[in-house]
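Sequences and hints are given; from them, build the entire structure.
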Amino acid sequence: MSDIRIEVANGDYDTDDSYNKVIGYITNKILFGGYGFYYSNDISIIEQFKLSETFSDQKNKQKIWHFFITFSKRWNHMELLELANQIAFSLSPQYQIVYGLDIDKGKPHLHFGINAFSYHPDTAVLTPEYFHSCLVYWQNKLAEWYPHKTVTLQFRGKKES
Amino acid sequence: MKNTERLFVRMTPDLKKDVQLQAKKNNLKTSEYIRKLLESAIRGLSHEQLIQNSLKENTLINELLLDSSLGNEAKQIITERMRDYV
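Those sequence lines, one after another, are chains A and B. Position 114 of the first sequence, counted from 1, bears residue number 114 in our numbering, the numbering being contiguous throughout. Throughout, our numbering is defined as the position within the second sequence, counted from one, plus 1000.
These are computed hints drawn from the structure, not numbers from a lab. Hints may contain errors.
These stretches of chain B come out as covered by chain A in the derived footprint (C-beta under 8 Å, 3 or more residues) [what the hints assert, rightly or not]: (1) 1043-1050; (2) 1054-1064; (3) 1079-1085.
Virtual Cβ for every residue (Gly too), placed ideally from N, Cα, C.
Have a look at this one:
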């Protein structure tokens, strides 16, 4: 069992309802944050994610990516939130993202929902290959920050060390 | 739609300098900067601009969630308020 596990949720997330499911789930966590949305009574955060697809010049089946990072032992919640914020902030110049802290089911974990479509209409969409490379980058970063811990990545059921 | 039309605008040298400076600050070419200003003045802000503008507000909220001087209760109240807009 690795100390830190990055895992991409299975499922195609290729319908309009995918935004509701992922964002609804993550924003229901005890604490959530994110980048790339404003607080408006006229247009919900979920609608704002959908609009990026509407205005995008790109096509992609997958609407949104849902991934989580699980920690084997008890971690300081503040440290987890800082980590979540760092990951979300790094993606925010191009993509909308929400994160949530889950401490309910024993092992603490962070959930992320990232829009596959950028809010910049001409920016590349997050295809599986591109998104996988982003996660490998974060896997390496985490391994660098926590050299005494094992960090694994599981991308759609395939485990990678 | 491609930007195929040209528009010549007369302005003072001072204003031209200011426009060029602002474009540089925004990492845009001068023509692109002026086009974006005109678009937002006439059509309102685009989705892209609205999201870009929201990033500062997002940063503030995320920083509050990370602020160690705020208790968990306060952070949960902030989260609860944010949830109203999901």
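Here is how each hint holds up against the structure:
1. 1043-1050: Our answer is that it holds, as 4 residues pass the Cβ test (under 8 Å) against chain A, meeting three.
2. 1054-1064: holds (count 7)
3. 1079-1085: holds (count 4)
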